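*Asks:* Sequence:
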Amino acid sequence: MEGGVSNKKKKARTDPFTKIVFSWSLDDILNDNLYQNQVERIPESFKSVEHYLGSYVCPLLEETRAELHSSLNIIHRAPFAEVIGFEESKPYGTKAYEVKVDCWKNRVFNSGKEPYKVLPGDFLILTDGKPETVSELQSAGRSWEFLSVDSITEDDKKDGFSSNIFKVKASKELEIYHKMRPSLFVIFLGNLISNRRIWKGLHMSRNLKVVKEVLCIDPKVKKKLDYRFGKSHGLLDEMLVRKINSELNESQAEAVLSCLGKIHSKQESKSESALELIWGPPGTGKTKTISTLLCTLLGMNCRTIICAPTNVAITEVASRVVKMVCDADPNALFCSLGDILLFGNKERLKVGSDSKDIYLDYRVQKISECLGSHSTGWKHCFGSMINLFEDCVSQYHIFLENEMIKEKAQSTECEIKAKGKKSKSKTKTGNREVKSFLEFVKERFVSTALHLRRCISTFCTHMAKNYISEQCFQNMVSLIGLLDSFQTMLSKNNMDSKALEECFSLPDHVVENFPKSFEEDQSLLCIRRSECLSVLRTLQCSLSGLTLPNFRSQEAMKEFCFKRASLIFCTASSSYKLHRVAMEPLTVLVIDEAAQLKEGESIIPLQLRGVKHAILVGDEYQLPATINSKISDEAGFGRSLFERLSSQGHAKRLLNIQYRMHPSISLFPNLKFYQNQIIDAPIVRGKSHERHRLLGSMYSTYSFINVSHGREEKDDDGHSRKNMVEVAIVLKILQNLHKAWKHLKHKLSIGVGIIEY
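In our numbering, the protein residues as written are 466 to 1222.
One or more of the hints may lead you astray.
As the list claims (entries may be wrong) - Under the rule of at most 20 Å between Cα atoms (straight-line distance), these lysine-lysine pairs were calculated in the PhoX-like manner:
1. K1197 <-> K1187
2. K831 <-> K821
3. K570 <-> K582
4. K595 <-> K565
What the hints assert, rightly or not - Derived DEER-like restraints, expressed as beta-carbon distance ranges:
5. L680 <-> K1137: 42 to 50 Å
6. H1208 <-> D819: 41 to 49 Å
7. H1208 <-> S730: 23 to 31 Å
Calculated directly from the structure, the hints in this document are not laboratory data.
The model shown is predicted, which means the values in this text are computed figures rather than measured ones.
Just so you know, even glycine gets a beta-carbon here, dropped at the ideal spot from N, CA and C.
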């Protein structure tokens, strides 16, 4: 637990951010002028690092207050639960408590988003009743205290429901609740973990190489772009340059090669940090450009962290990179992904089949299984297969002896009658038929090979090649092929059981001069057995030489995965966790959707140990970060680093060909925002982009529909507005589109966005 102390009744060490929030009264939270005189306009440039980091502190506190204010206004809709258990937890005297609730109500409270689930950083209010309004909460005789969720009970993490047992930090010692008077409730107000991480980022002052680069940009000295770079490409490999130029359009290739060239030249000269901006308007192939850049950095073994403001954005680019890596060799038996890692909250990331193999928790689970001592562990799998190939004859004889013992034991209870014809493929112990040697080997091989294949698949997929070595990886691929070949030979109809037993009785190094009684298939089977054993022993030796983590420790397994990854994907907020991971320093930071990320939040990954090159990818003309406080918004708290640098004249690489909009749609934004620098790709100028799915003269490439009889109403939260007449019209249009889609032979993609103005 953060800030915990070990000695009983010692003074609590709550983190400073939470301590400030705990100090607020309800009146403070409801007071929109609480920080009005402390919040100053965040400047365009800064005198020092202290000035830079300090400029975001008060706007952050004001934004936090506004978020809680908004939540209190809709407290009647907030998730809540009745408390059925509340006791002090270790270390005692630190205002730490374990809370147990019956079940959460109002879980679906946020306009159709995922149901509420308790998470660390959740800010709750503990009260002796269920208030419907803030006024009820403030009424005389009502008791309440703030709680901050610290951790979730492990067993409660595994189902899809919200946790019923969790540990919290309280705003003060809660002696009055020990007797558990009736009707205690906890009410969810919001999750403050991102704000707490921003606070810590503003106060840590760690790696400041890139931070110092962004403090002051002189608008009179604008950095010029070297447009010749894509052709001269400096010190980069010519084959690499040709490959990138063949996969991307000219502006995309220039952006990628510029970044790579700057990183390479700075590393060679060990000079100052590099800061690059890639300007990607809608439909210009921004994700493809980033993915190409990241795959190239992966090939260069350049340790890179990729951040984005949201879980959706980071999962999208991570999935694209995985697809690009796997598509690079479509005929490969395994796609090696051990040096790519995605981490964060599984539900919020919406980890699917296209990103599962790089997700941290899933990787830890798979590698733990492979390193374990049970039947799925690699030592057991390799040992069992080697033992089968070497000693299956003696194993079979032991099996026969055991069967005879069983028969003698059973004969005392009942008389066994021989039934049916004698089978050439069966061996008898007394009157009872038992497996032949061929059947015995087949059954044992299939069972043993199943676990071995799974183990090899885990090693090849989840272990970085540069850790297990390229040769070891190829040996594993080779072994799978040998096992498949052996199983095919074993399943042939002409395989004789006695000849097979004779084959397995030979030393495994015998690969020629077989007995004359051997058919060609038996000889080939012996050769394949010898090859399998040779590769198995080589791999067993290679893997035994690796320093593998303790599979019983989740933390050790996670640290192992972080250490071996070259590309790490996470949200900017989640990147805070990497400040506490012992691993080789990262070198490059790439921020996707950088124009939607608050500059105060981008400070978290910018300070990661080792980062000296930052690449920001975004478009400042798209929607910025959402800010709740009018005061913080006017102070520029929602402004991104991308936007600030752009306004100061920092050079940007523009992706200038758009592949999404019909020319008549792109005309306005191109003229208004991009100074007619965007070119329409041939695909959007073709006839396929002129097809109209809806009948009627009003439905063209774009349509303006005047809804004169609609009426705006306030939503339940008192802030949002809705127009039900407009909603009905949109639904009708979607129904008509659905009907049109039914008659199409190809996929139709529909996006719905509502903008109130």
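*Asks:* Next step is simple, just say for each hint if it's right about the structure.
*Replies:* Status of the hints after comparison with the structure:
{"no.": "1", "hint": "K1197 <-> K1187", "verdict": "17 Å, holds"}
{"no.": "2", "hint": "K831 <-> K821", "verdict": "11 Å, holds"}
{"no.": "3", "hint": "K570 <-> K582", "verdict": "11 Å, holds"}
{"no.": "4", "hint": "K595 <-> K565", "verdict": "17 Å, holds"}
{"no.": "5", "hint": "L680 <-> K1137: 42 to 50 Å", "verdict": "32 Å, violated"}
{"no.": "6", "hint": "H1208 <-> D819: 41 to 49 Å", "verdict": "30 Å, violated"}
{"no.": "7", "hint": "H1208 <-> S730: 23 to 31 Å", "verdict": "56 Å, violated"}
When held up to the earlier numbered hints, the structure conflicts with 5, 6, 7 and fits the remainder.
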